[in-house]
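Colleague: Chain residues, written in single-letter form:
2 protein chains.
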Amino acid sequence: MIARIYTNLKRDVSDPQGLAVKNALETLSFKGINKVHVGKYFVIELDSMKKSEAEKLMKAICEKLLSNPVIEDYTFTIENGNVSKKK
Amino acid sequence: MIARIYTNLKRDVSDPQGLAVKNALETLSFKGINKVHVGKYFVIELDSMKKSEAEKLMKAICEKLLSNPVIEDYTFTIENGNVSKKK
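Read top to bottom, the protein sequences are chains A and B. So for the first sequence, my numbering puts the first residue at 1; every next one is plus one. So for the second sequence, my numbering puts the first residue at 88; every next one is plus one.
Next up, chain A with everything else stripped away, as it sits in the complex:
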């Protein structure tokens, strides 16, 4: 089973890394970019288990280790099967 977790700073929290990326894109003459938010992306390969169990596990992992709930939001998806080549 594969879980994909996405963490991102909350909307009200200042995101200097996103600002730096936006400025870099402007310097490279890319047009049409309004805002950039930078977060983290985790792909976790799990032993096979019930989906409800996996969801509980991911929630605990996100709250204990992978995100800082004070300043970050997280979302995750869980799917069966192996990691595809591309992601």
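A few of these clues could be false.
[Unchecked claim] Subject to a maximum C-alpha distance of 27 Å in a straight line, what follows is the list of computed DSSO-like cross-link-like pairs (lysine-lysine):
| # | chain 1 | residue 1 | chain 2 | residue 2 |
| --- | --- | --- | --- | --- |
| 1 | B | 151 | A | 35 |
| 2 | A | 59 | B | 109 |
| 3 | B | 118 | A | 50 |
What the hints contain is simulated information worked out from the structure, not anything from laboratory work.
Place chain B on chain A using the hints.
Modeller: Chain B in isolation, oriented as in the chain A frame:
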């Protein structure tokens, strides 16, 4: 328009950050984790434009700035509308 970009190390490239997260999860007594890959997640707010244009722009941005094509893979999705609260 919102573009979401996910970058990840290629499968054959050593991922010490992923290993560190896996070890931390084991230390915290989480069971059933086989492997962890750590990547980056960008949310980009775009001016409205044709989807094909946005795709071209994202491809260029990924290749020039946001990922290192030698060691990283990227994927992106593009959707209309504004950033939702959660992501």
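Colleague: Next, verify each hint and record whether it holds.
Modeller: Each hint, compared with the structure:
1. B/151 to A/35: With a Cα-Cα distance of about 18 Å, the restraint between residue 151 of chain B and residue 35 of chain A holds, given a limit of 27 Å.
2. A/59 to B/109: holds (16 Å)
3. B/118 to A/50: Status holds; Cα separation ~14 Å.
Taken one by one, the earlier hints all hold for this structure without exception.
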